[in-house]
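Asks: Given chain Y's structure and the hints, the job is docking chains E and A onto it.
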Amino acid sequence: MREKLVEAKGLYKQYALKSDKLFAKRRYLKAVDGVTFDIYKGEFFGVVGESGCGKSTTAKLILDMEHPTKGTVLFKGRDMSTLKPKEWRAIRLDMQMIFQDPLGALDPYMCVGKQIMEPLEIHNIGDPKDRKQMVLDMLAAVSLKPIFYDRYPHELSGGQRQRIVLARALIVKPQLLVCDEPISALDVSIQAQVVNLFKRIHKELNLTFMFISHDLRIVKHVCDRIIVMYLGRVVEEAESDELFANTLHPYSQALISAVPSLTPDAQAKRIMLHGDPPNPIDLPKGCRFASRCSKCTPRCLESEPELVDMGNGHKVACFLVTGK
Amino acid sequence: MHVKYFLVKTLRAFLTTFLLVVFVFFVLRITGDPAQAMLPDDATEEDYIEFRQLWGLDKPLMEQFYIYCKNFVHGDFGQSYKDGRDVFEIISQRLPKSVWLMGMSIIFSIVVGLPLGIYAALHRNSFGDRFIMGTAVFGFSMPNFFLGIMFILIFSMKLHWLPSAGSDTWLHLLMPMITIGMTRMGSYARYTRSAMLNVLSKPYIITAKAKGANRNRMVYLHALPNAAIPIVTVIGTSIGHMVGGSVVIENVFAWPGVGRLLVSSVAVRDLPVVQAIVIIMGLAMVLANLLVDFTYGLLDPRIRVTAGDK
Amino acid sequence: MLHVKNLKVDFEVDGRRIRILHGVDLDLEEGETLGLVGESGCGKSVTCSAILRILADNATVTGEVMYDGTDLLKLPASKMEEIRGKDITMIFQDPVVYMNPVKTIGNQITEVIHLHEKCSQAEADKKAIDLLTQVGIPHPETRLKYYPHQLSGGLCQRVMIAMALACKPKLLMADEPTTALDVTVQAQILDLLRSLNKKLGMATILVTHDLGVIAENVKRVMVMYAGVVVEEGPVDIIFKKPAHPYTEGLLNSLPKMDGQEGDLIPIEGSVPAPDKRPAGCCFGPRCKYMTDECLKGQPKLTTINGTHRCACFHPVHGTYGGEA
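Residue numbers (our numbering), protein chains in the order written: chain Y, 178 to 501; chain E, 78 to 387; chain A, 11 to 334.
Hints are not guaranteed to be accurate.
Taking lysine to aspartate or glutamate pairs in the EDC-like style, the calculated list, with each CA pair at most 16 Å apart, reads [claimed, not checked]:
1. A/Lys155 <-> E/Asp377
2. A/Lys266 <-> A/Asp220
3. Y/Lys462 <-> Y/Glu481
4. A/Lys178 <-> A/Asp220
5. E/Lys279 <-> A/Asp104
6. A/Lys208 <-> A/Asp67
7. Y/Lys237 <-> Y/Asp271
8. Y/Lys253 <-> Y/Glu298
9. A/Lys266 <-> Y/Asp418
10. A/Lys286 <-> Y/Glu481
11. Y/Lys376 <-> A/Asp273
12. A/Lys113 <-> E/Asp377
13. Y/Lys309 <-> Y/Glu298
14. A/Lys96 <-> A/Asp78
15. Y/Lys247 <-> Y/Glu298
16. Y/Lys218 <-> Y/Asp418
17. E/Lys279 <-> A/Asp140
18. Y/Lys446 <-> A/Asp302
19. Y/Lys380 <-> A/Asp273
20. Y/Lys181 <-> Y/Asp256
21. Y/Lys186 <-> Y/Asp271
22. E/Lys159 <-> E/Asp110
23. Y/Lys322 <-> A/Glu278
24. A/Lys178 <-> A/Asp97
25. A/Lys128 <-> A/Glu92
26. Y/Lys218 <-> Y/Asp271
27. A/Lys266 <-> Y/Asp392
28. Y/Lys195 <-> Y/Asp459
29. Y/Lys218 <-> Y/Glu180
30. Y/Lys291 <-> Y/Asp327
31. E/Lys159 <-> E/Glu127
What follows is a list of derived Cβ distance ranges for each label pair [claimed, not checked]:
32. E/Gly205 <-> Y/Thr246: 54 to 62 Å
33. A/Lys18 <-> E/Val80: 32 to 40 Å
34. Y/Asp307 <-> A/Gly25: 40 to 48 Å
35. Y/Lys462 <-> A/Gly316: 43 to 51 Å
36. A/Asn16 <-> E/Ser218: 49 to 57 Å
37. E/Ser218 <-> A/Asp37: 58 to 66 Å
What the hints contain is simulated information worked out from the structure, not anything from laboratory work.
Glycine included, each C-beta is placed from N, C-alpha and C at the ideal position.
Excised from the complex, chain Y in its bound form (with noise of 0.2 Å):
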């Protein structure tokens, strides 16, 4: 048995919504709807799912940056909503993330070099003459040369200013790491860079990587086991091979299909979905995937499937294929 680091337990995350009625009921975005997965120590673990699906909240639910308004996330065994600030803030330190756009993250004002330090001295980690020897061999870590350290974020470039963010993540050493969308917004050729920096550094520090992406090729590519979200719940979960070689679920079957190959002309198999992901406001009841789905039975619009087991790890919420 593989030991799990990340344990997330019947997650719901809703939203009140404003409502422009004077009287109107409270409505909610249900965000997270009754999530569960567990990522195993040194994973590679993907979240696919188009916007709105929840993939972001979800991550946010994790690193505890949300709390869940239902459900548990254990990290090492441990709730984090239920430690004392001290000993959150330790354990808080083993989760590290990226976010989608790395100038964001970065403050314009402050040398690369001394960003990546500054978790060091927050956390007051290391010998402070030992903290420039130790942001150098980060940069190093990242690819990147020494004289990087006095740049300011405006003079580099995307895939640079991602490998700083990473840098300032890995620095204190943790055990997870969080990409949400980490190479959206870099050029093509730069994507592959920044992805098998990924690779190298999941292979050389045993880390665990919880990667959030819509870009299903990446995802396949990386991952060791996904999950596929739609409006807020998991519709199959697998490991990487086994997801693409044998997909179950009809939304993971038109979303892989969606995919544009690269071979000139293929476009002949494509599953069509019609209409865009609908919001997760007000879901009509049956599987929220129904209204567009192509094999939808009157089952399907009355009671919502669970995620079951296929065998082997393979899980899957569809009437259709679990008969259940």
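Replies: This is chains E and A only, laid out in the frame that chain Y set:
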């Protein structure tokens, strides 16, 4: 329609008015004794008692407040301590003059300020732009009473072109109107310029261009309605400042409006009159703000119509 | 139908002239679909905007844009306004911000119709409804009264397409039309564009950074890098046998959906800023095949084979036909 939006704004306006009424009452009573200011220096103790009895000033403060509120709700502002005339009557004689001056000043500042701002935005960094922006800074950094006095010195005393006091003709209006309007005109021009520049750089302007719209259409049909949203906010909030500023200017130009009445009433601590004027001015500001909120809602469909149907 | 010759665009920034486009040639036949691909800042969008003359005032465009026998760059502004939105139209990347937020959908569509045709409001409304039906928007009558913020990104892009089609254009330029949209919605929009292209027979220029989108949607492609066309030719040849090292690099840096493991092969370095272009070949410093010859100057776009052209002294496939 976003009923809640308008309702909340209206409720807030009422609340503001109420707080204003309370505030005015207590502050005026804390800051000085009207009897002392009203009565001659050689007044006897009996005179004081009589004066206080006459105007109910001997009653406990809370009771005075209750009477004041009750009367206020009925639209009764009481009688002047000075001559016993009905306050409402005194003010309604003066009010039209002030409203006229205010209104004309607002119109002047908008009619001059907005086009200047648009011109400056469309000719960015040109000589005209720099000149307008320079004038604008001059306009709103100059204290307006000083500007008023300068105007009198130049146009009345030196050149004898314009009358320096009174309100009888259009010529009388000119100087006070420009004096009050000048400050606002400068800031409107500046805000209009930056709002227009901001909107003109928006992607939907490119869409309009790509559709084949000509420059005028782009500027006036596509950019201006969007730029109007922040401009209206600025205009609305500045009306408050204008009302305040007009008190001084009415005195500089001896304009027989409410502002002058306020100053003379404060001097003699004619509480009912001061109270009423401050409340009316406050109401004007509250109304102006309410009007802004409503216009804002009308101009911006994102406030009026909620996102649905995704 | 459209012949662009030696198109150059300079931007004046802080009193300095910076060249963004370095002489682009582009030919388009009636009804043809052409792909323009490249990373951000390569000049693909600027090319389209320059053709339509909708660049900002600080841009200077030189060269020749022959459309139907007239040079668009020499037309007076009022004549150009007649062509924009009628003969040549354009749709943009993020449909939501490219629509006027204070005007209704109907208002924005009928505006194009009124600008180019004499007709009553009722006729224009009817036309707008037809157009919305054509681009697959349900309940078009009610949607006319909607504001852009009430529609999803996918629907907004459909409205933009409806606007672009209103006056039966001869040429539609689609500038990253699906970049801001979800994958499943991207598939719908591309499908719509393809079928409209077939039905209405207008020529299309599809601008994108996504090679997958190119592979599936166009026959001929031009690859741009740093304001220069580096390769041009039929899609199936370029994807199988790319001649320019940059095209090869782009293809290698993308993970494939079908099989293939191992690391991605990124292009090292990053796109040079327009005011810091290297001497010689613009791709030189990032090219793994670079030789001294590459420093001599920017290679010309020359024929490799048939319609396949490439601007490289040492093409990966084929040989350089021009002089150094």
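Asks: Give a verdict on every hint.
Replies: Tested hints:
1. A/Lys155 <-> E/Asp377: 15 Å, holds
2. A/Lys266 <-> A/Asp220: Roughly 13 Å between the alpha carbons, so the hint for A/Lys266 and A/Asp220 holds.
3. Y/Lys462 <-> Y/Glu481: 7 Å, holds
4. A/Lys178 <-> A/Asp220: At roughly 27 Å apart (the allowed maximum being 16 Å), A/Asp220 and A/Lys178 break the hint.
5. E/Lys279 <-> A/Asp104: 12 Å, holds
6. A/Lys208 <-> A/Asp67: Since the Cα atoms of A/Lys208 and A/Asp67 sit roughly 36 Å apart, the hinted pair is violated (cutoff 16 Å).
7. Y/Lys237 <-> Y/Asp271: Given that 16 Å is the threshold and the Cα spacing comes to 15 Å, the pair holds.
8. Y/Lys253 <-> Y/Glu298: 25 Å, violated
9. A/Lys266 <-> Y/Asp418: Holds, because 13 Å separates the two Cα atoms, which is no more than 16 Å.
10. A/Lys286 <-> Y/Glu481: Distance ~57 Å between A/Lys286 and Y/Glu481 Cα, so the pair is violated.
11. Y/Lys376 <-> A/Asp273: 8 Å, holds
12. A/Lys113 <-> E/Asp377: 9 Å, holds
13. Y/Lys309 <-> Y/Glu298: 11 Å, holds
14. A/Lys96 <-> A/Asp78: 14 Å, holds
15. Y/Lys247 <-> Y/Glu298: With a Cα-Cα distance of about 35 Å, the restraint between Y/Lys247 and Y/Glu298 is violated, given a limit of 16 Å.
16. Y/Lys218 <-> Y/Asp418: At roughly 19 Å apart (the allowed maximum being 16 Å), Y/Asp418 and Y/Lys218 break the hint.
17. E/Lys279 <-> A/Asp140: 29 Å, violated
18. Y/Lys446 <-> A/Asp302: Cα-Cα ~47 Å, so violated.
19. Y/Lys380 <-> A/Asp273: 13 Å, holds
20. Y/Lys181 <-> Y/Asp256: Answer holds: Y/Lys181 to Y/Asp256 is near 13 Å, not above 16 Å.
21. Y/Lys186 <-> Y/Asp271: 20 Å, violated
22. E/Lys159 <-> E/Asp110: Satisfied, since the Cα-Cα distance of roughly 14 Å is no more than 16 Å.
23. Y/Lys322 <-> A/Glu278: Between Y/Lys322 and A/Glu278 the Cα gap is close to 14 Å, so the pair holds against 16 Å.
24. A/Lys178 <-> A/Asp97: Roughly 7 Å between the alpha carbons, so the hint for A/Lys178 and A/Asp97 holds.
25. A/Lys128 <-> A/Glu92: 13 Å, holds
26. Y/Lys218 <-> Y/Asp271: Holds, at about 12 Å.
27. A/Lys266 <-> Y/Asp392: Holds: A/Lys266 and Y/Asp392 sit about 12 Å apart, inside 16 Å.
28. Y/Lys195 <-> Y/Asp459: Status holds; Cα separation ~14 Å.
29. Y/Lys218 <-> Y/Glu180: 6 Å, holds
30. Y/Lys291 <-> Y/Asp327: 8 Å, holds
31. E/Lys159 <-> E/Glu127: With Cα atoms ~14 Å apart, E/Lys159 and E/Glu127 stay inside 16 Å; holds.
32. E/Gly205 <-> Y/Thr246: 54 to 62 Å: Between E/Gly205 and Y/Thr246, where Cβ atoms are some 58 Å apart, the hint holds.
33. A/Lys18 <-> E/Val80: 32 to 40 Å: For E/Val80 against A/Lys18, whose Cβ atoms are near 56 Å apart, the range 32 to 40 Å is violated.
34. Y/Asp307 <-> A/Gly25: 40 to 48 Å: Taking Cβ atoms as reference, Y/Asp307 and A/Gly25 lie about 47 Å apart, which means the hint holds.
35. Y/Lys462 <-> A/Gly316: 43 to 51 Å: 59 Å, violated
36. A/Asn16 <-> E/Ser218: 49 to 57 Å: 52 Å, holds
37. E/Ser218 <-> A/Asp37: 58 to 66 Å: 59 Å, holds
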